[in-house]
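J.: Listed below, chain by chain, are the residues.
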Amino acid sequence: MSGETRKALRQALAIGALGLLAGAAVHVPLLKRFVRGEFRETFLSRSEYPGVRLITLQEGEDLWAGGGAVFFDARPEGPYGEGHVPGALRLAAEEEDAWLSAVVEGVHRERTLVVYCEGGDCQSSLHLAKRLHDQGFKDVRVLAGGWKAWTEAGLPEEKSRDQE
Amino acid sequence: MIRNKAALFVFRTVLGGLFVYAGIVKVLEPLDFAQNIRNYRLVGQEFSFLAAIFLPWLEILAGAFLIAGVWRRGAALTISGLLVFFIVLTLVTMARGIDVDCGCFGSLSRKSGWGVVFEDLAMLLMGLYVLLSPTKKNKREASRELEVKPAEEP
Numbered sequence: 164m165s166g167e168t169r170k171a172l173r174q175a176l177a178i179g180a181l182g183l184l185a186g187a188a189v190h191v192p193l194l195k196r197f198v199r200g201e202f203r204e205t206f207l208s209r210s211e212y213p214g215v216r217l218i219t220l221q222e223g224e225d226l227w228a229g230g231g232a233v234f235f236d237a238r239p240e241g242p243y244g245e246g247h248v249p250g251a252l253r254l255a256a257e258e259e260d261a262w263l264s265a266v267v268e269g270v271h272r273e274r275t276l277v278v279y280c281e282g283g284d285c286q287s288s289l290h291l292a293k294r295l296h297d298q299g300f301k302d303v304r305v306l307a308g309g310w311k312a313w314t315e316a317g318l319p320e321e322k323s324r325d326q327e
Numbered sequence: 049m050i051r052n053k054a055a056l057f058v059f060r061t062v063l064g065g066l067f068v069y070a071g072i073v074k075v076l077e078p079l080d081f082a083q084n085i086r087n088y089r090l091v092g093q094e095f096s097f098l099a100a101i102f103l104p105w106l107e108i109l110a111g112a113f114l115i116a117g118v119w120r121r122g123a124a125l126t127i128s129g130l131l132v133f134f135i136v137l138t139l140v141t142m143a144r145g146i147d148v149d150c151g152c153f154g155s156l157s158r159k160s161g162w163g164v165v166f167e168d169l170a171m172l173l174m175g176l177y178v179l180l181s182p183t184k185k186n187k188r189e190a191s192r193e194l195e196v197k198p199a200e201e202p
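Residue numbers (our numbering), protein chains in the order written: chain A, 164 to 327; chain B, 49 to 202.
The shape of chain A in the complex, shown without the other chains (with noise of 0.2 Å):
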């Protein structure tokens, strides 16, 4: 390796060095917030968004039984039709705000909302609720393993009118 090669990979370690360091200093409090255990399921920042959870399966599942609950499908149309928690509502993660906004018009802030998407690492359902709660909902819950764990556990399930 010549003397340049070596001194630019010393340059390149020393600007990676440098890097760490101003990360860490800059972002202390996120940084805090990452040791005491936050972020480990999920990027919401608990400050800026405390009306958002997520929930488990049996949750959801007793949040819907119990029938105080609003559900959101964050899917696309087409599966939405083929089958979805019974009574939950359509609503794109991607809407237009004033959609957005009309569709959730009638239902009380302090109500309990419910929103989930495909399931594994889908995150429409988590956008969604971001966006509920800046509309004012104090209770929004994002069922963790989504569709897949509703359906896979036998669930109940109800399609659309003309996929029947």
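Simulated from the structure, these hints should not be mistaken for lab results. Warning: the hint list may mix true and false statements.
[Stated by the list, open to error] Using C-beta positions, here's what the derived DEER-type ranges look like:
1) 183(A) to 144(B): 22 to 32 Å
2) 89(B) to 268(A): 30 to 40 Å
3) 79(B) to 301(A): 15 to 25 Å
4) 145(B) to 272(A): 34 to 44 Å
5) 214(A) to 180(B): 46 to 56 Å
Just so you know, these numbers come straight off a predicted model, no measurement behind them. Where is the CB? At the ideal position from N, CA and C, for every residue including glycine.
For chain A, the structure is supplied; the task is to place chain B on it using the hints.
T.: Then chain B, alone, in the frame of chain A:
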């Protein structure tokens, strides 16, 4: 020589500027960037978080050093290395059939795909040009050799 010097300056400024910009956008929204990384489904939650804290600063510093012309080759090496990593990452993600926002420039990002690969390749060419351009010291040595050689001839 003048043309080479101009190209070097343009490449340094453009490439450095793009990296500084990309880094700043990510520093402002660290949690969104962490989610971007997680969506590639290559590393876990914890690693995604830590990468989102540190990677943007690597981009900013390498870009800034490149623009300033300080530790020029080290900065070009860092940026070229990052670009090679981004290209491989994008190709692997495409091969795995994962549909993901590239996360390149924060909320301005588009889907990971061939467009991103070609952009990164163009930037990589600039990075390698800067990396392989001789430093001032090299040039001085080269010109000294040229001066010495004629004297050695009989």
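J.: Decide, hint by hint, whether the structure agrees.
T.: Consistency of the hints with the structure:
Taking 22 to 32 Å as the suggested C-beta distance range, the pair residue 183(A) and residue 144(B) conforms, at roughly 29 Å. Between residue 89(B) and residue 268(A) the C-beta distance comes to about 37 Å, which sits within the given range of 30 to 40 Å. The hinted window of 15 to 25 Å between residue 79(B) and residue 301(A) holds, with their beta carbons roughly 21 Å apart. Residue 145(B) and residue 272(A) have their C-beta atoms about 40 Å apart, which keeps the hinted 34 to 44 Å range intact.
A beta carbon spacing of about 55 Å between residue 214(A) and residue 180(B) agrees with the range 46 to 56 Å that was offered as a hint.
The structure is consistent with each of the numbered hints, conforming to all of them.
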